[in-house]
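**Student:** Chain residues, written in single-letter form:
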Amino acid sequence: MSTSEKITVLNPMGFAPKVVKKPLAPRLSTLDGKTVYLVDCRFDDSDVFLKQMQAWFAEHMPGVRTVFKPISSVYLKDDPTTWDEIKARGHAAIVGVGH
Amino acid sequence: MTIEAQYGVPTVAMHTDKFDRVARSVAAVNGMAELRQVFVPQPVMGKSPRELRAYVDGKDPLTGRPVMQEVIEGLTTPLDGQGVGTIEYDRSTPRLVEADSEENLHRLFMESRWTDYLPIVLPTEERVAAMLAATRRKPDEVVGRMRPTHFREAWEYTVEKVAVNAVMAGARPEYFPVILALAATGVSARGSTTSSMAAMAVVNGPIRLEIKMNAGTGALAPYNHANATIGRAYGLLSQNLQGGSVPGVTYMGSMGNNYAYNSITFPENEERSPWEPFHVQQGFRPTDSTVSVFSGCRSTAYTLGIREKHWREHVRNMLRGMDPHIPPVFVLDPITARQFIDRGGFTKKDALIDWIYETARMPASEFWDYQLVQNYLYPRATFGEEPWASKLRAAPDEMIQMYRREDIHVVVVGGETNGYWRIMGASYAKTVSVDDWR
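The listed protein sequences correspond, in order, to chains A and B.
When we follow the numbering used here, the leftmost residue of the first sequence carries the number 397, and every step to the right adds one.
When we follow the numbering used here, the leftmost residue of the second sequence carries the number 4, and every step to the right adds one.
Chain A with its partners taken away, still in its complex shape:
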């Protein structure tokens, strides 16, 4: 086979699943009077960071109630107990810190 001759080869990539676009939750009109959960993913000092963010809210937006909430286990596991609590008692969530 000469180097200039065209040849046919197979594609080595696997088969991707279809991606179904998921809608975002409606946004809040204001955070004032609302409860915002600061969800600690328990990874690399993310708790220290979120507690600083909690302090920021207390200083700059005292009308926002914040709840610092570590997830129930490692970030690799789903955590329906925590999500249920936030759904029932909170209005919004800030999850961090991913790396």
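Everything labelled a hint here was simulated from the structure, so no lab data went into it.
Please read all numbers here as calculations on a predicted model, not as lab measurements.
Don't be surprised by glycine CBs; every beta carbon is placed ideally from N, CA and C.
Treat each hint with caution, since some may be false.
Said to hold, decoys possible - Derived, one-sided and incomplete: chain B residues facing chain A with beta-carbon distance under 8 Å:
| hint | residue |
| --- | --- |
| 1 | A8 |
| 2 | V12 |
| 3 | V15 |
| 4 | M48 |
| 5 | Y58 |
| 6 | G61 |
| 7 | M71 |
| 8 | D119 |
| 9 | P122 |
| 10 | L125 |
Assemble chain B onto chain A, guided by the hints.
**Tutor:** Using the frame of chain A, we list chain B on its own:
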């Protein structure tokens, strides 16, 4: 993503800026490209509260806008319509690449990141057909699914897709059942962790001899065609069949790992081992052919021999040098395996593992302060998961076991040129029958 999509709670995800591309990519493949994400500088780990407060008060390094302004806008700015509604994206993979010259195809494969940047064998129809002839399985049969991380979607692959990657690696058709078994594990050899993991594959049973693998001198080195190309095929099939392994997107290993070139692929030296083979420990018969996969392979400790006077202390020192998050796999030359019997009376592998389990100890306070233990074991301990919950109750100076007994393993390999041996920090994943893929 779960709390936003499934629970309907408006959410902002915080990340460090090094994870910009991967965070957006993961959101997109999970159908949430418009997820509100805000970035702070890397690293967060090890920074003082004052330094992290500066992150909060500062600007998103990617947008230059104040972090807290982005957070609040992310929770309150109405959706512009793009984030609403459901759409399906078709991402089908064509069977063939458009015909071209060999030179151009080699360039295409490299630029598409389908290779490991070493020369490959182009997977022509003829070469792939020859590979497929080495199994009774049909080309369109689904072998499994694989993904580089927990957060990404798993991609699916067939026998033919595995054959394409086996050809690219330079493997011979007679190796194909082993390569199919590796693919069937679903365990990626191109896992994306910042810790730079690699895989290890241990072959057991008659297939080792049938395809002339090397379990003796230089078994873990580039001196055997089967060892070399089976291991390379495992890497190539992992990166291509899982949907890629691209730094910054689908691969985040900070330093990378040179073991990834052939995934430490070797057969156990069953003929010279004084113990039962690894696959028999996992419930297979000696006459079965199998491949066992491990992941991790970042840390290694080594020494020569098992000294008469202080061998216990020497092994303890080696174990204490390992990160306690990843368990030890003792990789022993047959000379060393017999020395462990001579010194410690470990006539069974299980007896040696029992001893390792009891020997690998450190003070509880030191154990719990390891960063990886904090990240992955401490959260499980605090919610009662054993054995870590009990370890968490230990006094700070109490010498606690570093590993779970069931996570410690021993394999024998090498040519007895000397009694060198090593401990590999690696987690056993699974053992798969090769015979099922013949």
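**Student:** Look at each hint and say if it fits the structure.
**Tutor:** Cross-check of the supplied hints:
no., hint, in the structure
1, A8, "holds, 4 Å"
2, V12, "holds, 5 Å"
3, V15, "holds, 5 Å"
4, M48, "holds, 4 Å"
5, Y58, "holds, 7 Å"
6, G61, "violated, 11 Å"
7, M71, "holds, 6 Å"
8, D119, "violated, 12 Å"
9, P122, "violated, 14 Å"
10, L125, "holds, 5 Å"
Hints 6, 8, 9 from the list above are not met by this structure, while the remaining hints are.
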